[in-house]
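Taken in order, these protein sequences are the chains called A and B. If you read the first sequence in the working numbering, its first letter stands for residue 814, the second for the next number, and so on. If you read the second sequence in the working numbering, its first letter stands for residue 388, the second for the next number, and so on.
Hint data in this document are derived by calculation from the structure and do not stem from the laboratory. Wrong hints could be hidden among the right ones.
[Claimed, not checked] One-sided excerpt, in silico: chain B residues whose CB lies under 10 Å from chain A: (1) 397; (2) 400; (3) 474.
[Said to hold, decoys possible] From chain B, some residues computed to sit far from chain A (all C-beta separations above 10 Å): (4) 408; (5) 428; (6) 437; (7) 471; (8) 476; (9) 490; (10) 534; (11) 574; (12) 612.
We put the CB at the ideal spot given by N, CA and C, even for glycine.
Spelled out, the chains give:
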Amino acid sequence: MRFQAAPALGLLLPALVFLPLVALLPGAVHGGGWPLIAAFGMAALQPSFTPALVANALHGIAITLAIALWSWLLSMAIGLIAAVFSSPTVTTALCGCRWPAHWLRRLLAIPRSLHELLWGLILLQLIGLHPAVAVLAIAIPYGALVARVLSDQLESLDQKPFQALQAAGVAAPAALFSALGPSLLPGLLSYGGYRFECALRSATLLGVFGLGGIGADLRLSLQSLQFNEAWTSLWALALVMFSMEQLIALWRGRWVQGRHLLILLGCLLLLLFPAANLLDLQWQVLLNPWRLLPADQLFQLQGWWQPWPQLISSTVLLTITAALAAFAATPLLLLLICPWPWLQLLLRAFGLFARLMPPPLTALLLLFVLKPGLLPAAIALAFHNAGILGRLFLEGLESQDPRPEQALWAAGVPRRRALLMARFNGLATSYMAYGAYRADVILRETVVVGLVGVGGLGAVLLEALSSFAWAELLPVLVVYALLTLLGEELADRYRRSLLFNHTQLGGVSTPQLELLPRGVPGPA
Amino acid sequence: MLELRGICVPGRQRPRLNNLSFSLASGERVALLGASGAGKSTLLAVANGLIKPTAGVVYWHGEAAANGGRRLRQQARIGTLWQDLRLVEQLTVQQSLNCGRLAAWPWHLVLLNLLIPLETSACSKVLAQVELTADLLPVPIIQLSGGQRQRIALGRLLRQGADLLLADEPLAQLDPPLAAKLLNLLLELGSAPRALLMSLHRPDLLQGFDRVLGLRCGELVFDTHPARISASQLQDLYESDQHKSDQT
C-alpha cells in the first residue's frame, strides 16, 4: 500500500472540523433566541424604507466608503514607498548595501502584526475620537502589508533588464524605474484593487466599534433588535459591496490599461476631496499633542503575570477551527450542490452576505441562540472568511480548464465525482496556498470576536483597552504581536513550499489566487 | 452497438450536423474523414452524449439515449480518446487510469483512490496493454512525454471497460512512427467485441479500417470500404468543403 495523496484531498480533509463543531453545537445552545433569529431572517424581506432611515444608511455608507478610499490611498502610498526601500535590490543599487532593506523589513513587521481594530482603539486613546483615527488605523497595518507584498514582488522580478541598463551607464534610480517599474505595474494594480475591497470591509468593521460609518448603524440596529432597520443598512451595503467588487474585477482585468488607467486614477483623486469633506478630515489634529498612555502603569511588571498557555492555546484553537471551517465550507457546499446550477447562484449570494457581515455582528446574532465561548466566535470568523475564500475559490474554479471534467462526464462519471477529480485537483494547490495566507489573517482577526467571551488574547486586549487596564495592555499586545508574526512566518513558509513544489512539477498557477497574498512566490 | 438517426445540431452560420444517420456494429472499425469544420468532433460528441442533438435520436445498444442515471450507465460503456487527451495533470498515472473506474466505484473507493491509488495489478496490466511499464504508476501525469500521455489516455479507456471506442483525431500531433504505432494499437483494441469510431485527417492511414464515413458541412457524403474510395471522392470531400467554408 502506497500513500499518494491527490491535491483534492487537501480541499476535503479540513472539512473534518465540522464534525466536532456539530457535535459541540447541542451543548452550546441556550434554548431561547430562536424567534429572534427567525425575526432577523424574515426582516430581510421587509427592510425599512423610512426616508430618514434610508438617508441615514446612505450617509453611513458614504462615510464608510470615504474612510476606505482615504485609508486605501494612504496605505498604497506608504506601502509603495516602503516597498522600494525594503527591497535589497533597490538599496544595493542606491547605496551599495542590503542591510537598510533588511532592517526596514523587520521594522515593518511591528505595524503589520496588529489588527486594524487594535490600531483604531490605541489611536482612539492617543488622539481622541476623530475620523482620521479610522483612516490611520487601516492605513498603518495595510501600508506595512502592501510594502511587504510589493517588495517581495520586486525581488521576484527578472533583474537582467535592470543590470543591462546599469551596465549601459544609466543612473541607478532611472534604471530601477525603467527596468522594474513596468513589470511591477500589473501586480501592483491587481493587488491594489484587492486591497480596496479589504479596506471597505475593515472600514465597516471599525464602524461596529464606534469609529464611524455604516458599521455603527448596524450594531445599534441589531443591539436594539430593530432588524428591519438593520436590513436597510445591510441591503445598501450589499449593493455597494457587489458594485465595488464588479468595478474592481474590471480594474484588475484587462480593461484598465494606458489611457483608461489615467482617467480612473484622475477620478479617484477627484473623489478624495468630497470624501475628505464628508469625513471632516483635519490632519492638523495629528499634530496636536497626543494624550500619552500612563507610562508608570504601562510598564508595571505585574501585567506580565498572565495565564499565557491558556490565552495562547485559546487563540490558536480559535484560529485553527475558524480557518479550517472557512477553507472547507465552499468546496464542500459546491460538491453537494453541483448537480443543480441554480443553487450555485444562492451560494454566491450567501458568500456576498458573509463577506459584508462583520464577524462581531455575526457573533452578536449567534449569541441569541448560543452560549458565549469558542463556538460562536469560531462560527462568526469562519462565516466571514468563508465568504472571502469562497469567492476566490469560485473565481479560480471558473478559470480552470473545463475539458478534463467534460471528458469524465462523457465517460458516464456523475457530476460530483467529475468535479472532484478534475477541477478540484487543478485548483487545490493554489487554493491551499491562499488558505494559508487567510489563516494568518484569521489569527489577527481573533481580536474582533473577543467580545463573545472566547477567552483568548483578543478578548484580554479588548478588555484592557476598554477598561483602561494599562498594566495588562503592553504584555498582551507584545505576546499577540509575536504570535501573529510567528503565524505569518509559518503560513508564508507553507505557502512558498506548496507553490514551489507545484511549479517544480510544471504546474500552472492560478494568478488571481496567488497574487493576492504575498506577491509572486519565489523559491527562496 | 451505436445508431444515429436524423441527427441535427445547429451552428452559428450553418448546421454543424444536418440530418445525419449511420450505424456501427460490434467489431467494426470505422474511420471518419472530412476537412476541418466538417462536423467530425461534433459527431463524436453526439455519440458520447456530451452534445444533445436538437433533432434525431441516438441509440446505444438498441436503447434510445436516456436521462439521469440510465444515461450515465449508457455513457459509461463509451470511451473517448480526445485529441487534447483531457487528462487531469495533477494526478499520478495510477490515479488517472483509475479515473476510468469512477462511474462504477462507490464513493468511498473514489475518495480512497485520492489517498492510496487502488487496483495496482489491474492498472499494471493495462499499462502493459498500451506498451508501457508498471514503474510509471506513481509518476505524476505532468512529468510524462506526449506519447506516454496518449497511451495513458488510452489506458483510461481500457480501465473504463468501454465497448465503443471513440477517438477524435488522436494522431494529429504525433510524429509518423508514433502515429503508426498508436493507430495499430487502436485498431487492435477496437476489434470485436468492441467497436471503434475514429476521426482522421490523413487518408493514407485508412488501411485496417472496415468502413470510412465522409463528412462534408455536417452531412454524410459517403459510407464505404476504404478500398473503394476514389481520389476524386477525396478531392471533392476536402476541396468542396474548403470552397463552402470560404464562401461562408
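> Which hint numbers doesn't this structure obey?
Replying inline: 1, 2, 6, 7, 8 and 9
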